[in-house]
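Chemist: Whole structure, please, built from the sequences with the hints as guidance.
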Amino acid sequence: MWTTLANAGWAISAVLLLWMLYDWFRTDSTYSEDVLTSSREGEIEAVSEKHKI
Amino acid sequence: MANTASAASAPQKVSLSRVLGPAHVWALGVGIVLVGEYTGWNFAADKGGTLAALIICWTIGLLYTSVAMIDSEVTSTVAAAGGQYAQAKHIVGPLMAFNVALYLVFAYTMLEVSNAILIADTIKSYAGEGFESWHYEGIIAGVIVTLAALNYRGVLMTLNVNFVITAVAYLAIIVLFFSVQPWSQGTVLRLGEMVTPDNALPYGWIGVIAGFHWGIWYYLGIEGTTQAAEEVRSPARSLPYGTMAGMITLLVGASLTWYVCASLMPWQYLGYTYYPLLDAGKLTGSKTLEYMMFIATILAALASANGCINDAARAWFSLGRDRYLPTWFSAVHPKYRTPYRSILFLVPIALAFAFIANLGQAITFSILSGVLHYTFMSVNIVMFRNKWPLGSIRRGYTHPFHPLPAIVLFILCVVTFFAIFLGYGAQLTAMVVFYIVMSLWFHFYRYRYVRRGEQFTMPWPKPRGY
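These protein sequence lines are chains A and B, in that order. The numbering used here puts the first residue of the first sequence at 11, with every later residue one more than the last. The numbering used here puts the first residue of the second sequence at 5, with every later residue one more than the last.
If you are wondering where the hints come from, they were derived from the structure by calculation, not from laboratory data. Take the hints with a grain of salt, since some may be wrong.
The calculated EDC-like cross-link candidates involving lysine to aspartate or glutamate, where the alpha carbons are at most 16 angstroms apart (straight line), are [stated by the list, open to error]:
no.	chain 1	residue 1	chain 2	residue 2
1	B	339	A	43
2	B	128	B	141
3	B	339	A	38
4	B	17	A	33
5	B	17	A	38
6	B	339	A	33
7	B	17	A	43
Computed spacing ranges between beta-carbons, pair by pair [to be verified]:
no.	chain 1	residue 1	chain 2	residue 2	range
8	B	27	A	50	43 to 53 angstroms
9	A	15	B	468	57 to 67 angstroms
10	B	454	A	29	29 to 39 angstroms
11	B	197	A	17	23 to 33 angstroms
12	B	164	A	32	22 to 32 angstroms
13	B	241	A	21	41 to 51 angstroms
14	A	50	B	429	39 to 49 angstroms
15	A	35	B	161	16 to 26 angstroms
16	A	32	B	160	30 to 40 angstroms
17	A	29	B	200	49 to 59 angstroms
18	B	364	A	29	27 to 37 angstroms
19	B	207	A	29	46 to 56 angstroms
20	A	17	B	405	50 to 60 angstroms
Using N, Cα and C, we set each Cβ at its ideal position, and we do this for glycine too.
Modeler: This is the structure in structure tokens:
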């Protein structure tokens, strides 16, 4: 049973790795780099925290 | 027409998703740490005896309670992915922040590697003949890649899974504790026979100090809750609740674990085995308890590896976002809202270490990075309180007795460094040299690419004295 599980480990990791690589390629070719890297630190704080005490 | 609609609906801006609550924060922190009850802490008994392991459990508990309190205060104010990295950037400066991020990435990646090795070792110990290195590595690859894919797919599902498997692994400790009738010494447990005045501290107090190195393993990683800061719905509420509840959970779990294990096995064996709780299950003579602890060991290691992938990727992502590393790493998946490139980038690194390193080396690198990080935190909170005193900015949580927790934390970190030096002096020196080299690289080369004004994002007033 354990050897079957270990073999399944290789198969599952190969499938998932290929899926992630495919999704990565598809995402990078669908969206511009500016959109993908548009996240900025502290955006919520700038809206919600005024720090007036 | 379809193209027009698609272009119109395409997002102009993507960020991490704010979907987590206090339970997820608890699952992240306790999930990373709980494996430490299943293996690691017991090597403190090898250094100083069973009683030393208990003294260390509570003393290191004090260190981590200080960490949790300090972290809760600062993170409830600096709510950003990267956790302590973002804290260091705003409070100490960019060079400290760069180092802290490296500590985080190393501590979590090495912990992830340790967990994958532990799962493979546990299964190998039950698999018997025919379980070759190909199978051993298949388990490691399966664990690392499957959990990376889960993290890639979304943070909510990742931490929901972590909540369930962490809770099951924790409940297993509770069930084991009550199954051995702790109210009736002599029925199953024999603490009086296992720990006697002659063998309680076989190497005296120097053994207790030497055991600090492994005592870290009781709680290593609870500070990882802060990496979720940008993905919780209410950072000021969820992070302190989740972190402090996690710390209480772990203090109880660590004490129960010590009591059961110390009452079932002599210190020489307790300090030697890789599976103290699994062995405790075996020693009860109940197959049900043994299999329950076997499954719980694997679940605890899975939860830890899962949380570590989450945290290491957030720290790496944050470095990219501030241009401390190429901005390419700061990409967020438009659909899954995860730092997908950082998650993927760290997969081959984890696999490489898991295939070439042994468990002891991986754990030591993780512990070293963790202690460097805690030392920073003791200095960080003093600077934070000096620059922005109480009342100057909004805090989600204010920790009591300042500066006592910072002083306790600093002293215990110094003792732990001494303990690591006693056992792993060469690795300690190598690690410090590595961080010095990386600091020089950052200062003289990489920092020119950083947009200096943009990296400080908290809308705070000027610090006192500036």
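Chemist: Against this structure, judge whether each hint is valid.
Modeler: Do the hints match the structure? See the list:
1. B:339 with A:43: holds (15 angstroms)
2. B:128 with B:141: Holds: residue 128 of chain B and residue 141 of chain B sit about 11 angstroms apart, inside 16 angstroms.
3. B:339 with A:38: The hint holds at about 12 angstroms.
4. B:17 with A:33: violated (19 angstroms)
5. B:17 with A:38: The hint holds at about 14 angstroms.
6. B:339 with A:33: Between residue 339 of chain B and residue 33 of chain A the Cα gap is close to 11 angstroms, so the pair holds against 16 angstroms.
7. B:17 with A:43: The hint holds at about 11 angstroms.
8. B:27 with A:50: 43 to 53 angstroms: violated (28 angstroms)
9. A:15 with B:468: 57 to 67 angstroms: holds (59 angstroms)
10. B:454 with A:29: 29 to 39 angstroms: With a Cβ separation near 35 angstroms, residue 454 of chain B and residue 29 of chain A satisfy 29 to 39 angstroms, so the hint holds.
11. B:197 with A:17: 23 to 33 angstroms: violated (45 angstroms)
12. B:164 with A:32: 22 to 32 angstroms: holds (25 angstroms)
13. B:241 with A:21: 41 to 51 angstroms: holds (43 angstroms)
14. A:50 with B:429: 39 to 49 angstroms: Roughly 43 angstroms apart at Cβ, these two residues keep to the hinted range, so it holds.
15. A:35 with B:161: 16 to 26 angstroms: holds (23 angstroms)
16. A:32 with B:160: 30 to 40 angstroms: Given range 30 to 40 angstroms: violated, Cβ gap about 23 angstroms.
17. A:29 with B:200: 49 to 59 angstroms: holds (57 angstroms)
18. B:364 with A:29: 27 to 37 angstroms: Taking Cβ atoms as reference, residue 364 of chain B and residue 29 of chain A lie about 34 angstroms apart, which means the hint holds.
19. B:207 with A:29: 46 to 56 angstroms: Given range 46 to 56 angstroms: holds, Cβ gap about 52 angstroms.
20. A:17 with B:405: 50 to 60 angstroms: This hint holds: roughly 55 angstroms between Cβ atoms.
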